[in-house]
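Enquirer: For the record, the sequence lines run as chains W, X, H, B, D and P.
Per the numbering used here, the first sequence starts with residue 103, numbered consecutively.
Per the numbering used here, the second sequence starts with residue 103, numbered consecutively.
Per the numbering used here, the third sequence starts with residue 103, numbered consecutively.
Per the numbering used here, the fourth sequence starts with residue 257, numbered consecutively.
Per the numbering used here, the fifth sequence starts with residue 257, numbered consecutively.
Per the numbering used here, the sixth sequence starts with residue 257, numbered consecutively.
Watch out, some of these pointers could steer you wrong.
Footprint (simulated), chain D over chain P, 3 or more residues, beta carbon under 8 Å [to be verified]:
hint	region
1	306 to 313
2	353 to 359
Derived BS3-like pairs (lysine-lysine); straight-line CA-CA distance at most 25 Å [stated by the list, open to error]:
hint	chain 1	residue 1	chain 2	residue 2
3	B	Lys259	X	Lys296
4	D	Lys338	W	Lys493
5	W	Lys493	H	Lys296
6	P	Lys341	B	Lys290
7	D	Lys341	H	Lys296
8	X	Lys361	H	Lys296
9	X	Lys138	P	Lys290
10	W	Lys360	W	Lys296
11	H	Lys481	W	Lys138
12	B	Lys290	P	Lys338
13	H	Lys493	W	Lys493
14	B	Lys296	D	Lys296
15	W	Lys138	H	Lys290
16	H	Lys360	W	Lys231
17	X	Lys493	B	Lys290
18	H	Lys360	D	Lys296
19	D	Lys259	D	Lys273
20	W	Lys138	D	Lys290
21	D	Lys341	P	Lys338
Here are some chain X residues the structure puts well away from chain H; computed CB gaps all over 10 Å [as the list claims (entries may be wrong)]:
hint	residue
22	Asp110
23	Asp193
24	Leu286
25	Ala328
26	Leu342
27	Leu365
28	Ile391
29	Ala455
Since the hints were derived computationally from the structure, they do not count as laboratory data.
Only a predicted model underlies this, so the values are computations on that prediction, with no experimental measurement involved.
We treat Cβ as the ideally placed atom computed from N, Cα and C, and that holds for glycine.
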Amino acid sequence: MDQLNMGDTAWVLVSTALVMFMTPGLALFYGGMVRKKNVLSTIMQSFIILGVVSVQWALFGYSLSFAPDAGGGLIGGLDFLGLANVGMEPDPNYAATIPHLAFMIFQMMFAVITPALITGAFAERFKFKTFLVFTLLWCTVVYDPIAHWVWGPGGWIREMGALDFAGGTVVHISSGIAALAAALVVGKRRNYLKEPMFPHNITMTVIGASILWFGWFGFNAGSALAANGLAASAFVTTHLAAAAAAVSWTLVEWMYHKKPTVLGAASGAVAGLVAITPGAGFVTPMSSIIIGLIGGVLCFIAVNLKPKLGYDDSLDVVGVHFVGGTFGALATGLFATTMVNSAGADGLFYGNAALLGKQAVAVGVTMVYSFVVSIVILKVLDLVMGLRVEKDDELRGLDQTQHGESGYIFD
Amino acid sequence: MDQLNMGDTAWVLVSTALVMFMTPGLALFYGGMVRKKNVLSTIMQSFIILGVVSVQWALFGYSLSFAPDAGGGLIGGLDFLGLANVGMEPDPNYAATIPHLAFMIFQMMFAVITPALITGAFAERFKFKTFLVFTLLWCTVVYDPIAHWVWGPGGWIREMGALDFAGGTVVHISSGIAALAAALVVGKRRNYLKEPMFPHNITMTVIGASILWFGWFGFNAGSALAANGLAASAFVTTHLAAAAAAVSWTLVEWMYHKKPTVLGAASGAVAGLVAITPGAGFVTPMSSIIIGLIGGVLCFIAVNLKPKLGYDDSLDVVGVHFVGGTFGALATGLFATTMVNSAGADGLFYGNAALLGKQAVAVGVTMVYSFVVSIVILKVLDLVMGLRVEKDDELRGLDQTQHGESGYIFD
Amino acid sequence: MDQLNMGDTAWVLVSTALVMFMTPGLALFYGGMVRKKNVLSTIMQSFIILGVVSVQWALFGYSLSFAPDAGGGLIGGLDFLGLANVGMEPDPNYAATIPHLAFMIFQMMFAVITPALITGAFAERFKFKTFLVFTLLWCTVVYDPIAHWVWGPGGWIREMGALDFAGGTVVHISSGIAALAAALVVGKRRNYLKEPMFPHNITMTVIGASILWFGWFGFNAGSALAANGLAASAFVTTHLAAAAAAVSWTLVEWMYHKKPTVLGAASGAVAGLVAITPGAGFVTPMSSIIIGLIGGVLCFIAVNLKPKLGYDDSLDVVGVHFVGGTFGALATGLFATTMVNSAGADGLFYGNAALLGKQAVAVGVTMVYSFVVSIVILKVLDLVMGLRVEKDDELRGLDQTQHGESGYIFD
Amino acid sequence: MKKVEAIIKPFKLDEVKDALNEAGIAGLTVSEVKGYGRQKGHVELYRGAEYEVAFVPKVKIEMVVSDNMLARVVSVIEETAKTGKIGDGKIFVSTVDEVIRIRTGERGETAV
Amino acid sequence: MKKVEAIIKPFKLDEVKDALNEAGIAGLTVSEVKGYGRQKGHVELYRGAEYEVAFVPKVKIEMVVSDNMLARVVSVIEETAKTGKIGDGKIFVSTVDEVIRIRTGERGETAV
Amino acid sequence: MKKVEAIIKPFKLDEVKDALNEAGIAGLTVSEVKGYGRQKGHVELYRGAEYEVAFVPKVKIEMVVSDNMLARVVSVIEETAKTGKIGDGKIFVSTVDEVIRIRTGERGETAV
Ligand SMILES: Nc1ncnc2c1ncn2[C@@H]1O[C@H](COP(=O)(O)OP(=O)(O)O)[C@@H](O)[C@H]1O
Ligand SMILES: Nc1ncnc2c1ncn2[C@@H]1O[C@H](COP(=O)(O)OP(=O)(O)O)[C@@H](O)[C@H]1O
Ligand SMILES: Nc1ncnc2c1ncn2[C@@H]1O[C@H](COP(=O)(O)OP(=O)(O)O)[C@@H](O)[C@H]1O
């Protein structure tokens, strides 16, 4: 059983590369949406996370998340510190047919992109130094435990029987609600809602969204951890949900705002990808189309309610990742079927109401935990080192003032 | 025989991701070539096709193309409606070692990019709403049947013995000739040939061409549907033809126009990729270099004749895809050899003149069918809902007037 | 033993596609760093190399590098001319489980990117025609022999027992020192150090660096030539070194220059990737973090010393590839361990001082050979056809004057 | 000598330039500007909120002409730049004391 | 009629425009410029060498006003564009001979 | 006070600016413009057709100087901006009524 399979290994390594590529993709997706004067600072936050969190993960993050349980299903032990005991042989506790190192680095890319998602909430005003400290703390005390709960051996949410195929709770809800916390604590950008803060480069945002879509095949279908029928199925559901949500966001925007925007189509695709993530390996292709259609509309509504709700989540992390992730986790409780994945469970529409309850618990606990801890971290950092750049720096833009660079020199 | 192979599955899933990535790549390739005021509208057409046609394919397109023949080798039946009977197990009628779902979604990406190719012909002037309707109709009545003829079980062109490894007729000729139909029916851009309509961002076009080249490995080598020697061979021929055509276009342009352009090198690479597509799995590497060299020159000539021929195919879909695809399909009739692929046939240069005839028939019928039906669809849509945007909208640009957005806000 | 493995083949084909994608990635990495007026000419140099060198490799380059030794371990014979004897079956002399063609094209992508790396040194002033001739000559008389020495069957450096997992000497040292030769012979850009020559588009450079990082998984982990534990291990070391170097460059720059730049983070990542290349399949993950940390700092120092050293290596090929590659090759002599790779050797830190000596010899000989031959080629070409564009052309920019195009038309 | 500055709609530039050329104008200089006037900008909806985009893209043509060309030039611009719709723009005329052609050092009317 | 040209700091544009609008200005034209003055540019470090970036981004507002509006307009700009820090910019006033509204052909004060 | 506007070749900007600086100029403002004059644009071939690109990139320097600096400034520009080849550009001199330094409220010559 713990025999290395080259096909599975090839697939997981490729998937890892694809998921790694998502973080620069996110950098572009976000970078295009800010004003020109902040494009580099926005890109930098995602890019440097790829450096910082990767090292954190290898040193101790992976151990906290995935080492044998340290007690109560709450956190992993220290067996994998510095990647001790993580070798080239498969470890059947994680994945029976691929090197343990492959599983470890596949998971690393999830740990990397999750804090990067949050950066969209406080774009255009956060201090770079504080951001680095926040990220390291957040990964260690929020992400690593939640990953353990949901995916770690002995993790309590996993034991409870809630389903999360590729990170609806772990990645999207945890980051989406932390984004809300950040938007609230950091406060609005100066002149928010007074002066237009349009995306300075929608072509860059589309490139980013396309890379995200491309990479998400690794994210979701790679989560099968094998190149088998389940991977193919998750690949299909992923793609169809993205496609359906791109269409539904565009259509509903067209109806309500008169014009179908390119930013809308790109945002819709991402919303669909988020929504299908928890159920990708549990639902049928036709269900994934429905999840995508609804996910696109829900996220469109959420994003458009933001100005009324009064917080300034610059790039709509809450509206897309929190709303989309929550919807997707609950939808998994509705649409999951053991016909797709016998290791999964049946959802409400297949006669099993219990799953929906478990999904709700997983969502609720993740949400509360991430929100509360994020608030605490941010409040403390605000006191200790300050969260926001100076007013003048914000006006001149973070690229010049924090990094001493300009995105473009076109004259 | 119908035993799932993880290596093959990994390869086809990766190839599918690569081919999916080509459509955003095409969006950039085309987006860079239009004027700044139309960059988003051009990108949008490809991007939204990824949404719309994917859903169409899952609901009924795949069935029309690939379900068991409904009669006469002309169209597939309804057995696969809503992906019914398309599961995680291999179906040896399609591919014996990978999940049927993997085959289905690999094919989906071809169905997506084909109508996207056409959009280059009517860029900078087409109504978005009409474009959506056109795309859905065209896929259903042109692409799906032709895919069935050439690749479907019982399809008449396949039965006849014509070869099309990865879509010379199905993808490039069908879209290239539809592009001509569109250019003729829609008419020229205002001030065409009077004012310069230079590419506004050649760096974007190069990024797009590079993504296309990268993705084309999935397109052609993935068409082996297994990770075997044939895949490697098709990979090599694909790359060499692209390389050779990039060089030949650049050189011939240098000789005739005094300067080797970057747009020329990028266009040449795409021309080479188009030319090798039908024969990728049937010809030797040395033949592929010859096909690339000639393909680059032929497409260069075709593109430069356009102003004399008097139609306004904005981004040269005819010159590259129709001319390159036709040349490639016929070249397959010359260079194919069973030494490369025993499931193929020998071409004229290997002593079998018959193949060239069959290739010519496949080309001719595809061309006539796609051209005539495209003309009809466009004429009808022109009456029913109009094809072109208003004059003022065209002058101000489609980004603002159709989508309410600007590609770049740099001040 | 020489049984085709689909998983390995899938992995090597994907890796090949990834390495191919690195050359356009490099085009963007470099293209963003030059001034706007030279963006296309810089991109063009990498892009056309993808055409020219691919064909060279298929025709005779592969034979010179990898065909059975022609004598003395110095150069390959002519057995593989025009890819003769390079077929779909595995050849156990190269890779026992994948098609020989797959090995050939995987190697092709290395031959392509190496001369492309050099172009950064003479960006913004080199004649396009001379550049083409230089590239063909350099590949034939510098790259092909060195590849044979290090990786070819019977190559003398390989026989000596020096280690180079994925091209520290072959790719980075050979190109890095040729870059120094080019910077010296071609001379400085006009007004170098007088007027600012800032990167015109750092967002493009970040996209390029991200594609390089993504593709480097194919470069290094693909060099295992199988989808096994070693591939996973090389994947992990590659990623961690890049991550660590991005962090260390950023931090050291922050300390010394007051601001952490995005260009620094991107450059650091590339420096880390270069530094780990020779040892990727021989060192542990923890060693790779150390190699990355040091590599980032060393390259930062080298790049910042450049103005004092007085040559104008426009885009810091010497500081990153020569310095990073040399450090990495020597670090392999320190950190290599047979616990990671039994086909490798132990380094100094594992009790074997001999390896470090062999590494030093490999570095020294490669360096001297590439430097001397590069100087000779350049001097001859300077006499025969001239190396630099006219003064006025340099001032107006190479895009307009050499290629008749503008990168962006934004008004 | 007079300086004529015309703020016009961008898409009219080519037409105006050609007409001025025919009218015998020797040279002119063009820049991209943003205008604010009776022609209001537009309201853009973005992520659920409305924003007023106050400025409208315009093009400014500057040219220095001899006094006897003035009337001609003004009327050419008036005719070709006019669409009759709001936002057509303005022409400003002012006096220039001296003109110098850098290449030759010529001054005054011959330098125009 | 007078032409008022003001070179100001870019981030002050919206404020100045709104104030001028309230003061009853009918139109104005804005362009992006680079300034050089007492406010020195900055030194940038790049790849081990220091470079002086001499120019500072500024915005130029141009508007033609009737003589009796002049004082008002100047004082509005002075007040709103001022930060008190070096580099606040300049206002230049000059005389305009004629103004023409292209759309209507109106001339003089009514065309402003 | 006089306003000097010079349209020059872009690559001459740094040289001219340095020379003006040495000549004691306190400030100037630069913008990117496109020129049309005796120096014709060029013909570009694109996808089989030829197009005339009429405009040539130029840089406009504007500066207001006291009357006694005028001659100096003009001759500095003439000398440094000159290449002798067609398209070197023009200098226009006109009269300015008033100059105000926003930061201090200074007016007239001291505000220049
Ligand atoms: N007084 C003015 N000073 C400077 N520019 C002006 C003035 N009035 C109008 N403009 C310019 O002319 C453009 C057109 O003016 P507007 O009032 O919108 O329409 P119209 O020209 O039809 O009356 C404005 O966008 C602005 O650039
Ligand atoms: N004599 C001048 N002519 C034209 N523009 C000027 C002149 N003096 C200053 N400027 C413009 O005003 C801007 C601000 O001037 P500066 O001397 O830096 O500060 P301050 O306005 O506080 O004295 C400059 O950047 C330049 O654009
Ligand atoms: N009468 C004019 N009014 C405004 N700008 C002018 C005028 N004549 C020339 N220019 C500007 O000066 C530039 C150079 O003029 P041109 O006639 O090409 O060459 P030269 O300066 O050598 O005579 C033009 O591109 C244009 O920007």
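Enquirer: It remains to establish, for every hint, whether it holds in the given structure.
Expert: Checked hints:
1. 306 to 313: As far as the region 306 to 313 of chain P goes, the hint is violated, because 0 residues have Cβ atoms under 8 Å from chain D.
2. 353 to 359: Contact hint for the region 353 to 359 of chain P vs chain D: holds, 7 residues under 8 Å.
3. B:Lys259 / X:Lys296: Violated - the C-alpha atoms of Lys296 (chain X) and Lys259 (chain B) are around 30 Å apart, more than 25 Å.
4. D:Lys338 / W:Lys493: holds (17 Å)
5. W:Lys493 / H:Lys296: Between Lys493 (chain W) and Lys296 (chain H) the Cα gap is close to 34 Å, so the pair fails against 25 Å, i.e. violated.
6. P:Lys341 / B:Lys290: Given pair Lys341 (chain P), Lys290 (chain B) is violated - Cα atoms ~33 Å apart, limit 25 Å.
7. D:Lys341 / H:Lys296: Answer violated: Lys341 (chain D) to Lys296 (chain H) is near 30 Å, above 25 Å.
8. X:Lys361 / H:Lys296: The given pair, whose Cα atoms are some 31 Å apart, is violated under the 25 Å limit.
9. X:Lys138 / P:Lys290: holds (18 Å)
10. W:Lys360 / W:Lys296: holds (23 Å)
11. H:Lys481 / W:Lys138: violated (45 Å)
12. B:Lys290 / P:Lys338: Violated - the C-alpha atoms of Lys338 (chain P) and Lys290 (chain B) are around 32 Å apart, more than 25 Å.
13. H:Lys493 / W:Lys493: Roughly 45 Å separates the two Cα atoms, so the pair is violated.
14. B:Lys296 / D:Lys296: Given pair Lys296 (chain B), Lys296 (chain D) is violated - Cα atoms ~37 Å apart, limit 25 Å.
15. W:Lys138 / H:Lys290: violated (32 Å)
16. H:Lys360 / W:Lys231: holds (12 Å)
17. X:Lys493 / B:Lys290: This hinted pair holds, its Cα atoms lying about 23 Å apart.
18. H:Lys360 / D:Lys296: holds (20 Å)
19. D:Lys259 / D:Lys273: Holds: Lys259 (chain D) and Lys273 (chain D) sit about 16 Å apart, inside 25 Å.
20. W:Lys138 / D:Lys290: holds (17 Å)
21. D:Lys341 / P:Lys338: Roughly 37 Å separates the two Cα atoms, so the pair is violated.
22. Asp110: Non-interface label fails for Asp110 (chain X): nearest chain H Cβ at 5 Å, not farther than 10 Å.
23. Asp193: holds (19 Å)
24. Leu286: holds (28 Å)
25. Ala328: violated (7 Å)
26. Leu342: violated (6 Å)
27. Leu365: violated (7 Å)
28. Ile391: The claim is violated: Ile391 (chain X) sits with its nearest Cβ about 6 Å from chain H, within 10 Å.
29. Ala455: Since the minimum Cβ distance to chain H is about 26 Å, Ala455 (chain X) lies beyond 10 Å and the statement holds.
In this structure, the hints that do not hold are numbers 1, 3, 5, 6, 7, 8, 11, 12, 13, 14, 15, 21, 22, 25, 26, 27 and 28, in rising order.
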